[in-house]
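Undergrad: Chain order of the listed sequences is A and B.
By the UniProt record's numbering, the letter at position 167 of the first sequence is numbered 167, and the numbering carries on one by one without gaps.
By the UniProt record's numbering, the letter at position 273 of the second sequence is numbered 273, and the numbering carries on one by one without gaps.
If you are wondering where the hints come from, they were derived from the structure by calculation, not from laboratory data.
Remember, it's a predicted structure, so these values are computed and weren't measured experimentally.
Heads up, the beta-carbon is just placed ideally off N, CA and C, and yes, glycines get one too.
Treat the hints with caution; some may be incorrect.
On the chain B side, residues computed to face chain A include the following (Cβ under 7 Å) [to be verified]:
#, residue
1, 22
2, 48
3, 50
4, 62
5, 68
6, 70
7, 97
8, 129
9, 159
10, 224
11, 233
12, 271
13, 288
If you want the footprint, here are the derived chain A segments under chain B, 3+ residues with CB under 8 Å [what the hints assert, rightly or not]:
#, stretch
14, 66 to 78
15, 82 to 94
16, 110 to 118
17, 133 to 142
18, 155 to 163
19, 188 to 196
20, 204 to 218
Capping the alpha-carbon separation at 25 Å, the derived lysine to aspartate or glutamate pairs in DMTMM-like fashion look like this [said to hold, decoys possible]:
#, chain 1, residue 1, chain 2, residue 2
21, B, 247, A, 219
22, B, 247, B, 179
23, B, 122, B, 209
24, B, 122, B, 199
25, B, 119, B, 209
26, B, 247, A, 216
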Amino acid sequence: MTSTGRRVFNVINAIILTGVVVVTLYPFVNIVARSLSSEQEIIAGRVTLLPRGFDLTTYRLVMSDSLFWTNYRNTVIYTVVATTISIVLTTCYAYVLSKQHLRGRGVLVGIAVFTMFFSGGLIPNYVLVSGLGLRNTIWAVVLPNAINVFNLLVMKAFFESLPVELEEQAAVDGLGTYGILLRIVLPLSKAIVATMLLFYAVAYWNSWFTAFLYLDRAELFPVTVYLRNLIAGATDATSTGSVDTDVAQVAANIKAVTMVLTVVPILTVYPFVQRYFVSGVMLGAVKG
Amino acid sequence: MVTLTKAPPTAPATPPKRARRPLIRDWQLYSLAVLPLLFFAVFRYAPMVGNVIAFRRFRPGGSPFGDDWVGLRYVRMFLADPTFWQVFTNTLIIGTLTLIICFPLPIVLALLLNEVRIKHLKRFVQSVSYLPHFLSVVIVAGMVGQLLSVDGTVNTLAGTEIPFLQRPEWFRTIYVSSEVWQTVGWGTILYLAALTTLDEELYDAARIDGAGRLRQTWHVTLPGIRPTMMTLLILNIGAFMAVGFEKILLLYNPLTYPTADVIPTYLYRLGVVSGNFSYGAAIGLFEAVIGLILVFTANSVSRRTVGTSLW
Numbered sequence: 001m002t003s004t005g006r007r008v009f010n011v012i013n014a015i016i017l018t019g020v021v022v023v024t025l026y027p028f029v030n031i032v033a034r035s036l037s038s039e040q041e042i043i044a045g046r047v048t049l050l051p052r053g054f055d056l057t058t059y060r061l062v063m064s065d066s067l068f069w070t071n072y073r074n075t076v077i078y079t080v081v082a083t084t085i086s087i088v089l090t091t092c093y094a095y096v097l098s099k100q101h102l103r104g105r106g107v108l109v110g111i112a113v114f115t116m117f118f119s120g121g122l123i124p125n126y127v128l129v130s131g132l133g134l135r136n137t138i139w140a141v142v143l144p145n146a147i148n149v150f151n152l153l154v155m156k157a158f159f160e161s162l163p164v165e166l167e168e169q170a171a172v173d174g175l176g177t178y179g180i181l182l183r184i185v186l187p188l189s190k191a192i193v194a195t196m197l198l199f200y201a202v203a204y205w206n207s208w209f210t211a212f213l214y215l216d217r218a219e220l221f222p223v224t225v226y227l228r229n230l231i232a233g234a235t236d237a238t239s240t241g242s243v244d245t246d247v248a249q250v251a252a253n254i255k256a257v258t259m260v261l262t263v264v265p266i267l268t269v270y271p272f273v274q275r276y277f278v279s280g281v282m283l284g285a286v287k288g
Numbered sequence: 001m002v003t004l005t006k007a008p009p010t011a012p013a014t015p016p017k018r019a020r021r022p023l024i025r026d027w028q029l030y031s032l033a034v035l036p037l038l039f040f041a042v043f044r045y046a047p048m049v050g051n052v053i054a055f056r057r058f059r060p061g062g063s064p065f066g067d068d069w070v071g072l073r074y075v076r077m078f079l080a081d082p083t084f085w086q087v088f089t090n091t092l093i094i095g096t097l098t099l100i101i102c103f104p105l106p107i108v109l110a111l112l113l114n115e116v117r118i119k120h121l122k123r124f125v126q127s128v129s130y131l132p133h134f135l136s137v138v139i140v141a142g143m144v145g146q147l148l149s150v151d152g153t154v155n156t157l158a159g160t161e162i163p164f165l166q167r168p169e170w171f172r173t174i175y176v177s178s179e180v181w182q183t184v185g186w187g188t189i190l191y192l193a194a195l196t197t198l199d200e201e202l203y204d205a206a207r208i209d210g211a212g213r214l215r216q217t218w219h220v221t222l223p224g225i226r227p228t229m230m231t232l233l234i235l236n237i238g239a240f241m242a243v244g245f246e247k248i249l250l251l252y253n254p255l256t257y258p259t260a261d262v263i264p265t266y267l268y269r270l271g272v273v274s275g276n277f278s279y280g281a282a283i284g285l286f287e288a289v290i291g292l293i294l295v296f297t298a299n300s301v302s303r304r305t306v307g308t309s310l311w
């Protein structure tokens, strides 16, 4: 390889990767800029990189909406409850699946893995959740997706990598299965439990469809559904043609503000937790 | 394997551990599986059984499994439904476009990232490219809406006033581009992991044989990450029929139905919104079975040709 060719490649590569970074980041920058701009500047199509006609009125407006805060609080509650349930169930099942000697282990693995490739489908699920009387309760949001099979397999792979001797020794010392799991295995598994917490928490924080499907009362919505209704409402208004300009202007601004407020928690923790996600995904990749 | 239950106090008198039946010996382990199994039974397998409503007439307030057998009535109904064929075609087109474009791009990006020798720069680009993966699809749809609105950046830069999201001819482009934006960075993770395991000596050998960089990539790097590529390809094929249901539901509107409406969105409107549960379930079952066949076929083809398979 000549060094000239190498240098040309490096330059081209740098240009491409810079392009990737710019394209990835631009929508974020644009949303923040819009959220801080005045409605007139947005409608005129002048807001791209920087806020124009700096204006915080919309932030005040959104933050004074009690429904927004109720829905924001719901998101927090749903995320905490659902993540707790998911972690407990996933840990228990992954631990059982990691025991090579267990009779029927293959069947237990199969039961979980099959659901990755075949599912009951939207309608039967909807009929079931309605039939169980879970509609308009928190359970419709936190139960139907309690175990993510991909996460389960990642955790199983981790448990399998722990030294067997430790558990054997604990058993000889008189600890039962529960004792071994709680006092030996879990303390050694902080890294994987933390990864799973992140995986589940982000998924629940971001989810909207289960809530949209099973909740009818606005005070039960998570903030994602609040945002969805805001966006859909605005779209409906524009498609009917005759919109009050004031409403349209405020809507354009409100959408940006609500998006920023919804995404801020994720962006705040992202730099700190990102490497855990990455190592978690790679851990799963080892076993496939 | 060591018995996990405590030995009773009269240990010497009990029969050898081997004689204990595994079910009794491991009862505590099995007990840990009870709640998860309950979850799978109720929220995963019961809906599969619930698909029988595709062959039975469902009445609101009646049994969730339907009331009377009607045989293939609903299957015949959707096969004769022109809208069904329209959404079926849309599903195939959007699924194929997504597969063709979203599958190879992470490989390309991973190869480019792998050539970056400055560690901090590489990590920065990676961190930025993963970011969209952590966003709610509602946010992504919102961003797409803002960028493409009449007052949005795309129109501002192009000097036009096209309402992109109201135009059927734009929908597929918009959908696939936003899908690339969301997934390309995150998709590189597994490839980058696979790339670090490649043997340096193979590159040295190739270099001695006179292979340039491109030939090295072609003959050493790509075969090296082939198992990862195949695994992800099979998984992508498995998701082919499901297409980005949630995102399409957020992005489409009656004006763009001609190109945007796919099987999952159609059966959402048909089943949940209009209450034709049996009809919707029949279409959903059809879709799920095609998905299952695709993934099994891809898996066995891959196992026979390149020796990589999911199971």
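Undergrad: Could you run down the list of hints and mark each one as holding or not?
TA: Against the structure, the hints come out as follows:
Because the closest C-beta pair between residue 22/B and chain A is about 4 Å apart, less than 7 Å, the hint holds. With its C-beta approaching chain A no nearer than about 5 Å, residue 48/B sits inside the 7 Å limit, and its interface hint holds. Hint status for residue 50/B: holds, given a least beta-carbon distance of 3 Å to chain A, under 7 Å. At about 10 Å, the closest approach between the beta carbon of residue 62/B and any beta carbon in chain A exceeds 7 Å, and the interface hint on this residue is violated.
Interface restraint check for residue 68/B: the shortest CB-CB distance to chain A comes to about 16 Å, outside 7 Å, so the restraint is violated. Of the supplied interface hints, the one on residue 70/B is violated, with its beta-carbon coming no nearer than about 15 Å to a beta-carbon of chain A, more than 7 Å. Proximity of residue 97/B to chain A is violated relative to the hint, the smallest CB-CB distance being about 19 Å (cut-off 7 Å). The interface hint given for residue 129/B holds, since its Cβ lies 6 Å from the closest Cβ of chain A, which is under the 7 Å cut-off.
About 10 Å separates the beta-carbon of residue 159/B from the nearest beta-carbon of chain A, more than 7 Å, and the hint is not met. With 7 Å as the threshold, the beta carbon of residue 224/B stays out of range of chain A, its nearest partner Cβ sitting at about 15 Å, so the hint is violated. Given hint, residue 233/B at the interface with chain A, is violated; its Cβ is 13 Å from that chain's nearest Cβ, farther than 7 Å. Evaluation of the residue 271/B hint against chain A yields a held restraint, the C-beta minimum of about 4 Å falling below 7 Å.
Hint status for residue 288/B relative to chain A: holds, with the closest Cβ pair at about 6 Å, below 7 Å. Residues of the stretch 66 to 78 of chain A with a Cβ under 8 Å from some Cβ of chain B number 0, which does not satisfy the need for three, so the listed coverage is violated. Under the rule that three or more residues need a Cβ within less than 8 Å of chain B, the assignment of the stretch 82 to 94 of chain A holds, with 5 such residues. For the stretch 110 to 118 of chain A, the assignment as covered by chain B holds, since 7 residues bring a beta-carbon within under 8 Å of that chain's beta-carbons and 3 suffice.
Counting residues of the stretch 133 to 142 of chain A whose C-beta lies closer than 8 Å to any C-beta of chain B gives 0; at least three are required, and the coverage claim is violated. Only when three residues or more bring their CB closer than 8 Å to a CB of chain B does the claim for the stretch 155 to 163 of chain A stand; here the count is 0, and the claim is violated. Proximity of the stretch 188 to 196 of chain A to chain B, defined as three or more residues with a beta carbon under 8 Å from a beta carbon of that chain, is not established by the 0 residues found. With 6 residues having a Cβ less than 8 Å from any Cβ of chain B, the stretch 204 to 218 of chain A passes the three-residue criterion, so the hint holds.
The suggested pairing of residue 247/B with residue 219/A holds, with an alpha-carbon distance near 24 Å, which does not exceed 25 Å. Among the hinted pairs, residue 247/B with residue 179/B is consistent with the structure: their alpha-carbon atoms are about 9 Å apart, no more than 25 Å. Between residue 122/B and residue 209/B the alpha-carbon distance is near 30 Å, which puts this suggested pair outside the 25 Å criterion. Proximity of residue 122/B to residue 199/B is assessed by CA-CA distance (about 21 Å); at most 25 Å being required, the pair is judged to hold.
With a C-alpha separation of about 29 Å, the suggested pair residue 119/B and residue 209/B falls outside the 25 Å cut-off, and the hint is violated. Straight-line distance between C-alpha atoms of residue 247/B and residue 216/A comes to about 21 Å, which keeps the hinted pair within the 25 Å bound.
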